[in-house]
Amino acid sequence: MNDTDHDCSRALRALADGDYAGWPGLTDTCTTAALGPAPGGDRSGDLGGSPTRYRVHAPSPGAPHGLYVYDVAERVVLVSTHGARPVRPLSGQLGEPDARLPSRMPGFKTIWLRAARGLALHLDDVAADVVDGGGEAGAAPAEVPWLYAFAPMSVDAFRGSWLAQVSLHRTRVR
Numbered sequence: 026m027n028d029t030d031h032d033c034s035r036a037l038r039a040l041a042d043g044d045y046a047g048w049p050g051l052t053d054t055c056t057t058a059a060l061g062p063a064p065g066g067d068r069s070g071d072l073g074g075s076p077t078r079y080r081v082h083a084p085s086p087g088a089p090h091g092l093y094v095y096d097v098a099e100r101v102v103l104v105s106t107h108g109a110r111p112v113r114p115l116s117g118q119l120g121e122p123d124a125r126l127p128s129r130m131p132g133f134k135t136i137w138l139r140a141a142r143g144l145a146l147h148l149d150d151v152a153a154d155v156v157d158g159g160g161e162a163g164a165a166p167a168e169v170p171w172l173y174a175f176a177p178m179s180v181d182a183f184r185g186s187w188l189a190q191v192s193l194h195r196t197r198v199r
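Per the numbering used here, residue 26 is the first one in the sequence shown, and the count goes up by one each step.
Do not take every clue at face value.
[Said to hold, decoys possible] Across the chosen pairs, the derived CB separations fall in these ranges:
| # | residue 1 | residue 2 | range |
| --- | --- | --- | --- |
| 1 | Glu121 | Gly61 | 34 to 44 Å |
| 2 | Ser75 | Ser116 | 14 to 24 Å |
| 3 | Thr77 | Gly117 | 13 to 23 Å |
| 4 | Arg125 | Ala46 | 27 to 37 Å |
| 5 | Ala83 | Ala124 | 10 to 20 Å |
| 6 | Arg113 | His90 | 12 to 22 Å |
| 7 | Ser179 | Arg129 | 12 to 22 Å |
| 8 | Ala98 | Pro131 | 25 to 35 Å |
| 9 | Ser186 | Pro49 | 13 to 23 Å |
| 10 | Arg113 | Ser34 | 16 to 26 Å |
These aren't lab readings, by the way, just hints derived from the structure by calculation.
Yeah, the Cβ is synthetic: ideal placement off N, Cα and C, and Gly gets one too.
The whole structure should be built from the sequences, with the hints applied where relevant.
Here it is in structure tokens:
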């Protein structure tokens, strides 16, 4: 493991722990080799209309459903989780967002965007307390319903990307 691998795995470990303060965004040097194997092996999903391999890494305190790590040719291109639990309120960890955009996720109203740091958090009214900890000193922050981590970009680049169009589609299985 080299220093670049260590930085990538350390940054993803911080996400898994709910500590977003030092999140630098994904880089071209962040690879699946740096993260090691995931239980359950490879799976296939859809990113922006393209079939994409992903692996689900083990549940953790900040990512109780695990981190979903998507890669293209071994380079990590997206990390997502749902029900994320930040260790501190977002306002204290990240400051003000670069932008607040409408979410296309059913039931969620706002994307709390830190494009320059490669983070998009989909929030609903209940999760709004995650931003300031509910207004009470020492209050535990609420869950972040959906968190997406990606390579840093501008707000305009995010708006023009498939990331701004993310939505859930449920298929009835008989």
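Going down the list of hints, with the structure as the test:
no. : hint                        : in the structure
1   : Glu121 - Gly61: 34 to 44 Å  : holds, 35 Å
2   : Ser75 - Ser116: 14 to 24 Å  : violated, 35 Å
3   : Thr77 - Gly117: 13 to 23 Å  : violated, 33 Å
4   : Arg125 - Ala46: 27 to 37 Å  : violated, 20 Å
5   : Ala83 - Ala124: 10 to 20 Å  : violated, 32 Å
6   : Arg113 - His90: 12 to 22 Å  : holds, 20 Å
7   : Ser179 - Arg129: 12 to 22 Å : holds, 20 Å
8   : Ala98 - Pro131: 25 to 35 Å  : holds, 32 Å
9   : Ser186 - Pro49: 13 to 23 Å  : holds, 19 Å
10  : Arg113 - Ser34: 16 to 26 Å  : holds, 22 Å
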